[in-house]
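J.: Below, each chain spelled out in residue letters.
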Amino acid sequence: MTQSAARPADGGPVPFELAIARYEPVIGLETHVELGTVTKMFCGSPVTFGAEPNSVVCPVCLGLPGSLPVINKTAIEYTIRIGLALNCSIASWCRFARKNYFYPDMPKNFQISQYDEPLCTDGFLQVDVGGQEFTVGIERVHLEEDTGKSLHVGGSTGRIHGADHSLVDYNRAGIPLVEVVTRPIPGTGAQAPEVARAYVSELRDLLRALAVSDVRMEQGSLRCDVNTSIAPAGSAQWGTRTETKNVNSLRSVERAVRSEIERQAGVLDAGGRVIQETRHFQETSGTTTSGRSKEEAQDYRYFPEPDLVPVAPSPQWVAEIKAALPELPAARRVRLQAQWGLSDLDMTALRNAGALDLVARTVEAGAAPDQARNWWLEELSRRANDAGVELAELPVSPEQVATVIGLIQAGKLNNKLARQVVDGVLAGEGSPQQVVAARGLAVVTDPGVLSAAVDEAIAANPDVAAKIADGKVAAAGALVGVVMKATNGQADPASVRELILQRCLTG
Amino acid sequence: MAAATELLMLTAAQMAAAVADGQVSAVELTRAHLDRIEATDVKLHAFLHVSAESALAAARVVDDRRAAGEPLGPLAGVPVALKDVFTTADMPTTCGSAILAGWQPPYDATVTRRLREAGVVILGKTNMDEFAMGSSTENSAFGPSRNPWDLSRVPGGSSGGSAAAVAAYQAPLGIGTDTGGSIRQPASVCGLVGVKPTYGGSSRFGLVAFASSLDTPGPLGRTVLDAALLHAAISGHDPYDSTSLDAPVPGVVAAARNADVAGLRVGVVAELSGEGYAPGVLTRFNETVELLESLGAKVTEVSCPHFSYALPVYYLIAPSECSSNLARFDAMRYGLRIGDDGEASAEDVMSMTRAAGFGAEVKRRIMLGTYALSSGYYDAYYGKAQQVRTLIIRDFDAAFEQVDVLVSPTTPTTAFPIGERADDPMAMYLADLCTIPSDLAGNAAMSVPCGLAPEDGLPVGFQIMAPVLADDRLYRVGAAVEAALDTRRGQPFLSQARGLAGVNETAEAQR
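Residue numbers (the working numbering), protein chains in the order written: chain P, 1 to 507; chain F, 1001 to 1511.
By construction, these hints were calculated from the structure, which means they are not laboratory data. For clarity, every value in this text was computed on a predicted model and none was experimentally measured. A hint or two may mislead.
Over 12 Å on every C-beta distance to chain F, these chain P residues come out as not near it, computed from the model [stated by the list, open to error]:
(1) E30
(2) D105
(3) R273
(4) D386
(5) V396
(6) S397
(7) Q409
(8) G428
(9) T445
(10) V482
Okay, the calculated beta carbon distance ranges per label pair [claimed, not checked]:
(11) F:S1375 with P:N385: 48 to 54 Å
(12) P:N54 with F:E1117: 42 to 48 Å
(13) P:I275 with F:Y1377: 26 to 32 Å
(14) F:R1333 with P:R216: 27 to 33 Å
(15) P:W238 with F:S1375: 22 to 28 Å
(16) P:P186 with F:D1424: 58 to 64 Å
(17) P:N352 with F:S1375: 55 to 61 Å
(18) P:A330 with F:A1356: 56 to 62 Å
(19) F:D1486 with P:W317: 52 to 58 Å
Each residue gets a CB set at the ideal place from its N, CA and C atoms; glycine is no exception.
Chain P with its partners taken away, still in its complex shape:
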């Protein structure tokens, strides 16, 4: 046991590389997606985010005595759309079921969900990790209603234990929620954390392309539970899995898997056994903490929801939904990569930066692909970094970026001026044209003005002009700088250079 020195004797976490050298992980993901329907799953209350607590409710989503659910047809359609995009079979007949348990944020103390008759089953999603393809099996996609949201006041953790009291907001109760459950994913080895992340990322892109959800992890409209188990390499059996809840960013998905592998390896190395339990991901430490044990599992007493009739989507309807599916992200990426002539590496960089859609829209608005890519990956990525926001959250639209690029192409802006125009747009000063006008940023094109500035520069620097006249053309750069300075940077450097050469060589 040469590695024993490298790991704590108390069974604390084992460094990832050491853990993965001796253990084979199996991961699985359960992803909850709030659908972007106009109204809730079983009533007419609107689906909104950020409204005053308990203001978007009605007798049905509050579960008041006597109220009854009525299925939102659009939610069924969206779920079928997701199922089809994930290559699933669509049930021709299925039922909702009641999942019974007591919790204050559940208005009826049961959740209307699907149990053994999910709407979509048995599909797959291809994900790409560093050029390697993984096929993630999709076990099921089912539809349910979201619960309310508890806010635990007092105490340090924000969890119910130690809180002074709790408040419940039922605005979220009854929002249609789709659960996408993968099959266990073995064989990913050291790439397990990245595969988990890539899966969620790919699923998010897919859901966005399907226009069924705004898929904002930070607002909770896409929520992830990550199952992780490890077993000694070569073992015929998988290990005991834990379920890590509240993993609410792509980065956290990756960190949660990594940290669970490290923790479980420590437990096994110390001769312990992994307990099947729910764990909570801690954003600050990047580790998980123990939640309730699944070994004393709740009995949810599922039974078919008697207040609803079975859902039986007709084959024609499913066919119509299938025919109307938009181009899916994987196909679109292949097409765009070819159209833009990018290498795999370029494409990966674009995706990792979250810039693919932005570039595509910029190109659609008329910009050349390489220009569009440069602007988003360089200048704008830097701005997003400085501001600490996602690229897509910058207050500049792809159409505006295309306008700026167009102005450069037309010689009306140079790069320096263009950056100032973008400054203005980001500062909320209006459209690129408005910023150009307001800040007076147009390139100086008046031949008289340029000519005068060039003459002045030559007159002030006769030695440089002489060198140019002697054929040392490179010296022109110094004069270009003088002219640019004189015109406040608003001249086109190429035109200026041409003018200088012309004067010195012919004059």
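Fit chain F to the given chain P structure using the hints.
T.: Coordinates of chain F only, in the frame set by chain P:
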């Protein structure tokens, strides 16, 4: 204007005609019934809440509309007693339970709304077994109602309050709900017409659920025609209830006016007879079958072998659904809250509230249902019960291939004394032996009075069962029985009533 007593004795159809003709105002009619409640409900306890003000206001609207020459519906201005299981935006809704004492719903049930839209005047909310679980109203947290025929006896249940009110002339019409017989059994023991429409024929929206796959709102009346008018008023597709049938309402009113059974095939259910049935009940039942035969019906005996399993099947399915439906009463959002001292956890408050707020029968059924649905027992109990339920439906299907309607006694005995079965759940459950099959199958069924049992002089009910959405057949047969018996008797059925049911007697006593 007619004397108050004469007004009270009119049928609902006659009251509506009198209002429409201007012989009496809806306000006068309403006031007469409110006075009657005032005078009799101390003894009867049919109502949990009387809303004189809103009732008179609703009556005034009808009178104003008539004065303005606007068209009135067939029951406009007629009062009704509404079971306290339907939500009402202007009255509390308690379901006979301490856990909902004083709860004021923010919305009207569809049945409530349809009554209002029809110009029917809601007098108040009637007593019931807690959450409609029981056959006597003794399970009400607010004390039992009494049978107007004999105040020491139960009015049946769970819609016992509505039945007692109609039998005691406090209201010409009542609304009940039938889950295992909760309309028909009280109708039977109070000498009324009570109908469980086809499941899905009347909306459950705003009906506080006991067992979702069984609960059915329906009418109680003193005549078959009155029940038909109320049946029509509350029925029809409701987009707020997914299990509501999107089908035309069967022509029940026309059927009630067409008391012709010549050539009709009537099947006597072999399994719903014999041991355990009171002799007087069987005597009157058999007489009524003969009566139908004399009116031209073709009577045969039909076997429905799985009906003998109906009771155990019901006591698995209904408690299973109730254990889930009643989970929402947890003190968090509305209703009773016990033990919230700032220290107790939400879970503790839920437990304490449910321990204090539910009665013994409700707890018994929640426990039965929780057990039947639990992992490892589901297949043997809930799952098996659903399979047998299917067999019962097939028995009905097979029977209705041979006959147009099935008949049986409504309940094995007449009204039993208060307290007699209170500590014996099995004896209480047997009261619904004959009514449960139609609840499980979802078809339509009626109880119509067929005389008094010789041994105790109390009403006996005759049950008629018809296929899904053939509710009109009930009314055709019921009207024939009613007309023939009235003719033979020379007077309406209720005029034989003693005690509070005899409105004249009370009126005389008041003089």
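J.: Are the hints correct? Go through all of them and say.
T.: Evaluated hints:
1. E30: With a cut-off of 12 Å, P:E30 remains clear of chain F, as the shortest Cβ separation is near 20 Å.
2. D105: Violated, because the least Cβ-Cβ distance between P:D105 and chain F comes to about 9 Å, which does not exceed 12 Å.
3. R273: With a cut-off of 12 Å, P:R273 remains clear of chain F, as the shortest Cβ separation is near 24 Å.
4. D386: holds, 45 Å
5. V396: It holds; P:V396 is separated from chain F by about 46 Å at its closest Cβ, greater than 12 Å.
6. S397: Nearest chain F Cβ is 42 Å from P:S397, so the label holds.
7. Q409: P:Q409 clear of chain F: closest Cβ-Cβ about 58 Å, beyond 12 Å.
8. G428: holds, 44 Å
9. T445: P:T445 is indeed farther than 12 Å from all Cβ atoms of chain F, at 67 Å.
10. V482: The assertion about P:V482 holds, with a minimum of 77 Å to chain F.
11. F:S1375 with P:N385: 48 to 54 Å: holds, 52 Å
12. P:N54 with F:E1117: 42 to 48 Å: Since P:N54 and F:E1117 have Cβ atoms about 30 Å apart, the given range 42 to 48 Å is violated.
13. P:I275 with F:Y1377: 26 to 32 Å: holds, 27 Å
14. F:R1333 with P:R216: 27 to 33 Å: holds, 29 Å
15. P:W238 with F:S1375: 22 to 28 Å: holds, 23 Å
16. P:P186 with F:D1424: 58 to 64 Å: holds, 60 Å
17. P:N352 with F:S1375: 55 to 61 Å: violated, 45 Å
18. P:A330 with F:A1356: 56 to 62 Å: Between P:A330 and F:A1356, where Cβ atoms are some 59 Å apart, the hint holds.
19. F:D1486 with P:W317: 52 to 58 Å: holds, 55 Å
Violated hints, in rising order: 2, 12 and 17; the structure is consistent with all others.
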